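Engineer: From first to last, the protein sequence lines are chains A and B. Read in order, the letters of the first sequence correspond to residues 1 to 428 in the numbering used here. Read in order, the letters of the second sequence correspond to residues 1001 to 1251 in the numbering used here.
Some hints here could point you the wrong way.
[Claimed, not checked] Distance windows between CB atoms, simulated:
1. B/Arg1109 with A/Asp79: 27 to 37 Å
2. B/Leu1011 with A/Ala44: 31 to 41 Å
3. A/Glu353 with B/Ser1061: 55 to 65 Å
4. B/Leu1123 with A/Gln347: 36 to 46 Å
5. A/Glu74 with B/Gly1066: 26 to 36 Å
6. B/Lys1134 with A/Ala410: 55 to 65 Å
7. B/Ala1111 with A/Ala44: 29 to 39 Å
8. A/Gln347 with B/Gly1230: 30 to 40 Å
9. A/Asp79 with B/Gly1113: 28 to 38 Å
10. A/Ile372 with B/Arg1112: 23 to 33 Å
11. B/Glu1068 with A/Gln347: 58 to 68 Å
12. A/Glu387 with B/Glu1128: 39 to 49 Å
13. B/Ser1149 with A/Glu74: 53 to 63 Å
Calculated from the structure, these hints are not laboratory results. Treat the numbers as computed from the prediction; the structure is a model and nothing was measured. For each residue, glycine too, the CB sits at the ideal point set by N, CA and C.
So you can see what is in the structure, the chains are spelled out below.
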Amino acid sequence: MALPQAKQDALAARIAGLSFASEGWLGAARGEALARLSAMGLPAKRDEYWRYTDPSGLVAVDAPRAAVFDDSDESPVFDGIDRLKIVFVDGVFDAGASDDLRLAGVEIERLAKAGGADIHWARDLYGVLEARGQVPVQRPLAALNSAFATDGVLIRVTAKAAKPVSLIYVHKSETSDAILHHCVKVESGAEITILENGPAAARFSKVLEVEVAEGARFHHIRAQGRDHERRAVTHVFARLGAGALFKSFTLTANGVLTRNEAVIELAGDEAVAHVAGAAVGDGNFHHDDTVFVTHAAERCESRQVFKKVLKNGAVGVFQGKILVKPGAQKTDGYQISQSLLLDEDSQFLAKPELEIYADDVKCSHGSTSGAIDEVALFYLRSRGVPERVAQSLLVLAFLAEAIAEIEDEAIAEDIRARLEGWLHRHEH
Amino acid sequence: MLRIKNLAVKLEEEDKQILRGVDLTIGAGEVHAIMGPNGSGKSTLSYVLAGREGYEVTEGSATLEGEELLEMEPEERAAAGLFLAFQYPVEIPGVGNMTFLRTAVNAQRKARGEEEMSAGEFLKVVREKAKKLKIDADMLKRPVNVGFSGGEKKRNEILQMAMLEPKMCILDETDSGLDVDAMKLVSDGVNALRDEGRAFLVITHYQRLLDHIKPDVVHIMAAGRIVKTGGPELALEVEHNGYADILAEVQ
Ligand SMILES: Nc1ncnc2c1ncn2[C@@H]1O[C@H](COP(=O)(O)OP(=O)(O)O)[C@@H](O)[C@H]1O
Ligand SMILES: [Mg+2]
């Protein structure tokens, strides 16, 4: 079915200025992504999964301006963690600031250099999980990313990585429009932690495709930076083999617009996938978590834990689905989305969905929206805890279930400290 | 220590008068008990003193060592030395009991211009005091009062009191829901804190608790007023005859 002319024109305008690298196998994968995108067109407010989030800032021809935020009052996140650093400034790889891309048990290639090289494992991954993730819900911005990403990293893990690989996204230009695409393949029995942090650009599009093979373990922790005006659309596509583990946690503090999608397929028996997020927003903040977990094998476990703290008109969105395919018996699916509204101007919109085609499954979901517990607040204050400290304690307690999804205690502690800092700065 | 004068309180949201002129003076080192029928305003009195929202003081004053309590924030009252053991201790999911205790102890110290307790010192003191109240390490680690039995919650209140070492301790029906052994633990905890510089106001329905924590003065509260004041024998009278005789006599 051909797209209406208006949609074709909007898409043509959006991609006119983007460079399309047609070289090698990657060029072919990009071509397929472009074909997918052309068939779908850009997302619009009328689309079923864009009703709560206006995509206009994400689909506009030019990235809306975003002032660069000075976050030097705080030490950079993950600073104390021994890690291999890969730095992108406004989406451009910064060799000088990055470490040598060498790590025992891990192969790291830059996407920008991969087109000509024959990286066979990446051929089976780049754009492949993204394409699978287009059904049943279309994700045009992910296809756009696959077609036009300018760089990224291809990471193959063959053993237990000695330290985390840390992707650092620096934002320096008020008009930068960055598109990065990463692929991670964790081979059978291997294990890696990927860290991501920083605002990246005025507008940032990022796709992360992750294949976690049998018995492999993948950990992902990211902090999306403190820039107030930046916009971001990110996708994580993951496919898990038998007994594989996937854990992803995202901290979002500030940002005019954030759309984080996670599309996870439990393809092997007894795989475990946990996705979690803690988002804190004050004022002009719109944060959207859109999650789709597919149980396609037996005895798998999935957890979605999303918590948002909103004030001064901030808006939180959660669209989360658990799909249990026929035959995915003994599925254990859990989903919780909650918001803590610190005033009456803020808003939480939730769309939890369950679709189950197997009879022997355990699935639960819940969504709540509430204010701070005044009785608990008084109890703490009656013990001498100042109101603001008491409030912070209660907010952190509210977020605790999401933070608990981070396995590494040092990283969890770091994330907690970020949240404390944010709460301290946004007391009024 | 505590001086309450003609305290009148109504609900903020409704036109409902709850306290109708309470007068009460408690000296340092003294233990006073308040007894009275359900709904007479005992908990309201303790909440108003601690600074809970939702009440409007229409008349009167309450001072702690000469300082007006009613104008202070709840945390300031605590730092000034006031402590309320809640009739219904509050559950706080996600906040560890230990974190809570340490935050409270150090916040009060800070407010008083004292040095904060180090983590090591705190741990030592809390373990020692918890042991006396038969509060195990697991209860210290768990979120505040979450999943605690009624008796555990009350013991946890006494542990907080022991850690905070307040000057004026108000215990609101700390004995309700306690079995004999727990009652003994709680009373021992309270008695261990009794000294010249500290005062207690014990709200209870039962003589039982007062067998363990011997009061100097007993007050009877009814319909928002202290209607009768006497010695420990007054509690015995209530125990034997209930409130009816006393209330009839007062009217
Ligand atoms: N927040 C409140 N809302 C409505 N009624 C209240 C509230 N607090 C107290 N009351 C009422 O005030 C009266 C005194 O209650 P309370 O102080 O709890 O009595 P006691 O502790 O002596 O049993 C009761 O009639 C009670 O229902
Ligand atoms: Mg009461």
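Engineer: Would you mind marking each hint as holding or not holding in the structure?
Structural biologist: Okay, the hints, checked on the actual structure:
1. B/Arg1109 with A/Asp79: 27 to 37 Å: Taking Cβ atoms as reference, B/Arg1109 and A/Asp79 lie about 31 Å apart, which means the hint holds.
2. B/Leu1011 with A/Ala44: 31 to 41 Å: The hinted range 31 to 41 Å is violated for B/Leu1011 and A/Ala44, with Cβ atoms some 52 Å apart.
3. A/Glu353 with B/Ser1061: 55 to 65 Å: This hint holds: roughly 58 Å between Cβ atoms.
4. B/Leu1123 with A/Gln347: 36 to 46 Å: Given about 43 Å between the Cβ atoms, the range holds.
5. A/Glu74 with B/Gly1066: 26 to 36 Å: 44 Å Cβ-Cβ, so the 26 to 36 Å window is violated.
6. B/Lys1134 with A/Ala410: 55 to 65 Å: Given about 35 Å between the Cβ atoms, the range is violated.
7. B/Ala1111 with A/Ala44: 29 to 39 Å: 56 Å, violated
8. A/Gln347 with B/Gly1230: 30 to 40 Å: Because 59 Å falls outside the window, the suggested range is violated.
9. A/Asp79 with B/Gly1113: 28 to 38 Å: 34 Å, holds
10. A/Ile372 with B/Arg1112: 23 to 33 Å: 27 Å, holds
11. B/Glu1068 with A/Gln347: 58 to 68 Å: 41 Å, violated
12. A/Glu387 with B/Glu1128: 39 to 49 Å: 31 Å, violated
13. B/Ser1149 with A/Glu74: 53 to 63 Å: 43 Å, violated
Comparing the model with each earlier hint shows violations of hints 2, 5, 6, 7, 8, 11, 12, 13; every other hint is respected.
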